[in-house]
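I would like the entire structure built from these sequences, with the hints used as guidance.
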Amino acid sequence: LKRAREAVGKAPENLAEFVDNSVSSYYDLENCDGELYMALSLGDLSRLCCALRIKPRDLFDAGGTGDQTVSPEHLISKVREHLNATGMAIADFEERIGFEIAPALKDVSKVMDWNIDFLRWLCRELVLDWRLALP
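Mapping to my numbering: the sequence shown position 129 is 142, numbers consecutive.
Some clues are possibly wrong.
Said to hold, decoys possible - Here are the simulated BS3-like cross-link-like pairs (lysine-lysine), alpha carbons at most 27 Å apart as the crow flies:
1. Lys-23 with Lys-68
2. Lys-91 with Lys-68
3. Lys-123 with Lys-68
4. Lys-68 with Lys-15
5. Lys-91 with Lys-123
6. Lys-119 with Lys-91
Treat the hints as calculated values from the structure; they're not laboratory data.
Encoded structure:
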(Lines of atoms letter the chains of each structure in order from A and count residues from 1; the text may use other names and numbers.)
(Lines give C-alpha, C1' and ligand atoms only; values in the text may rest on other atoms or scores of the structure.)
Protein backbone atom coordinates (compact mmCIF):
# COMPACT_ATOMS: atom_id res chain seq x y z
CA LEU A 1 0.00 0.00 0.00
CA LYS A 2 2.81 2.38 0.88
CA ARG A 3 4.63 1.64 -2.39
CA ALA A 4 1.42 2.25 -4.36
CA ARG A 5 0.86 5.55 -2.54
CA GLU A 6 4.41 6.69 -3.11
CA ALA A 7 4.26 5.65 -6.79
CA VAL A 8 1.45 8.14 -7.41
CA GLY A 9 3.08 10.83 -5.27
CA LYS A 10 0.37 11.07 -2.63
CA ALA A 11 0.83 11.76 1.06
CA PRO A 12 -1.10 9.84 3.73
CA GLU A 13 -3.04 13.05 4.37
CA ASN A 14 -4.36 12.84 0.80
CA LEU A 15 -5.81 9.40 1.44
CA ALA A 16 -7.21 9.82 4.94
CA GLU A 17 -10.69 10.43 3.48
CA PHE A 18 -10.90 6.68 2.82
CA VAL A 19 -10.52 5.85 6.52
CA ASP A 20 -12.86 8.20 8.37
CA ASN A 21 -10.70 11.23 7.54
CA SER A 22 -8.08 10.04 10.00
CA VAL A 23 -4.44 10.24 8.98
CA SER A 24 -3.44 7.95 11.85
CA SER A 25 -5.97 5.34 10.66
CA TYR A 26 -4.49 5.55 7.18
CA TYR A 27 -0.99 5.03 8.63
CA ASP A 28 -2.37 1.94 10.42
CA LEU A 29 -3.42 0.52 7.03
CA GLU A 30 0.15 0.80 5.82
CA ASN A 31 1.93 -0.27 9.00
CA CYS A 32 -0.19 -2.62 11.11
CA ASP A 33 -0.43 -6.25 10.11
CA GLY A 34 -3.97 -7.23 9.32
CA GLU A 35 -5.41 -3.72 9.47
CA LEU A 36 -6.09 -3.64 5.74
CA TYR A 37 -8.09 -6.87 6.09
CA MET A 38 -10.39 -5.51 8.79
CA ALA A 39 -10.59 -1.73 8.69
CA LEU A 40 -11.96 -1.01 5.22
CA SER A 41 -15.10 -2.15 3.49
CA LEU A 42 -14.64 -3.55 0.00
CA GLY A 43 -16.26 -0.37 -1.29
CA ASP A 44 -13.77 1.85 0.55
CA LEU A 45 -10.90 -0.36 -0.59
CA SER A 46 -12.08 -0.03 -4.17
CA ARG A 47 -12.24 3.76 -3.91
CA LEU A 48 -8.81 3.91 -2.24
CA CYS A 49 -7.28 1.78 -4.96
CA CYS A 50 -8.89 3.93 -7.62
CA ALA A 51 -7.17 6.96 -6.07
CA LEU A 52 -3.90 5.00 -6.16
CA ARG A 53 -4.55 3.92 -9.77
CA ILE A 54 -4.30 0.23 -8.95
CA LYS A 55 -6.66 -2.70 -8.63
CA PRO A 56 -7.35 -4.04 -5.13
CA ARG A 57 -5.95 -7.40 -6.28
CA ASP A 58 -2.60 -5.70 -6.87
CA LEU A 59 -2.25 -5.17 -3.10
CA PHE A 60 -2.48 -8.89 -2.41
CA ASP A 61 -0.17 -10.43 -5.02
CA ALA A 62 -2.84 -12.08 -7.13
CA GLY A 63 -0.28 -12.89 -9.79
CA GLY A 64 -1.09 -15.71 -12.11
CA THR A 65 -4.84 -15.18 -11.94
CA GLY A 66 -5.00 -13.36 -15.27
CA ASP A 67 -8.22 -11.52 -15.91
CA GLN A 68 -10.36 -13.97 -13.96
CA THR A 69 -12.80 -12.32 -11.58
CA VAL A 70 -15.69 -13.33 -9.40
CA SER A 71 -18.38 -10.67 -9.45
CA PRO A 72 -20.51 -9.97 -6.38
CA GLU A 73 -23.46 -11.48 -8.25
CA HIS A 74 -21.51 -14.66 -8.99
CA LEU A 75 -20.28 -14.82 -5.40
CA ILE A 76 -23.82 -14.61 -4.03
CA SER A 77 -24.91 -17.22 -6.58
CA LYS A 78 -22.16 -19.51 -5.26
CA VAL A 79 -23.40 -18.93 -1.70
CA ARG A 80 -26.93 -19.92 -2.71
CA GLU A 81 -25.61 -23.02 -4.50
CA HIS A 82 -23.60 -23.96 -1.42
CA LEU A 83 -26.59 -23.53 0.88
CA ASN A 84 -28.77 -25.64 -1.43
CA ALA A 85 -26.14 -28.34 -1.85
CA THR A 86 -25.42 -28.64 1.87
CA GLY A 87 -28.96 -28.01 3.12
CA MET A 88 -27.46 -25.55 5.56
CA ALA A 89 -29.65 -22.75 6.92
CA ILE A 90 -28.39 -19.20 6.45
CA ALA A 91 -28.07 -18.74 10.22
CA ASP A 92 -25.92 -21.87 10.48
CA PHE A 93 -23.75 -20.74 7.59
CA GLU A 94 -23.33 -17.30 9.19
CA GLU A 95 -22.31 -18.99 12.43
CA ARG A 96 -19.79 -21.12 10.57
CA ILE A 97 -18.10 -18.22 8.75
CA GLY A 98 -18.51 -15.73 11.60
CA PHE A 99 -20.21 -13.03 9.55
CA GLU A 100 -23.76 -12.01 8.63
CA ILE A 101 -24.46 -12.76 4.98
CA ALA A 102 -28.28 -12.59 4.82
CA PRO A 103 -28.42 -8.89 3.81
CA ALA A 104 -26.27 -9.59 0.72
CA LEU A 105 -28.54 -12.45 -0.28
CA LYS A 106 -31.36 -9.90 -0.51
CA ASP A 107 -29.30 -7.04 -1.98
CA VAL A 108 -26.05 -7.94 -3.73
CA SER A 109 -24.74 -4.37 -3.33
CA LYS A 110 -24.27 -5.18 0.39
CA VAL A 111 -21.22 -7.23 -0.61
CA MET A 112 -19.34 -3.93 -0.86
CA ASP A 113 -19.96 -3.38 2.88
CA TRP A 114 -17.92 -6.48 3.74
CA ASN A 115 -14.30 -6.28 4.78
CA ILE A 116 -11.55 -8.46 3.38
CA ASP A 117 -11.62 -10.82 6.37
CA PHE A 118 -15.29 -11.53 5.67
CA LEU A 119 -14.50 -12.18 2.02
CA ARG A 120 -11.63 -14.51 2.91
CA TRP A 121 -13.70 -16.60 5.33
CA LEU A 122 -16.59 -16.83 2.89
CA CYS A 123 -14.40 -17.80 -0.04
CA ARG A 124 -12.61 -20.43 2.05
CA GLU A 125 -16.00 -22.09 2.62
CA LEU A 126 -16.87 -21.82 -1.07
CA VAL A 127 -13.41 -23.01 -2.17
CA LEU A 128 -12.75 -19.85 -4.16
CA ASP A 129 -9.68 -17.65 -4.36
CA TRP A 130 -10.83 -14.59 -2.39
CA ARG A 131 -8.53 -12.30 -4.36
CA LEU A 132 -10.59 -13.00 -7.49
CA ALA A 133 -13.66 -11.61 -5.70
CA LEU A 134 -12.06 -8.28 -4.85
CA PRO A 135 -13.81 -5.35 -6.53
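query: Going through the earlier hints one by one, which of them does the structure break, listed in rising order?
result: none
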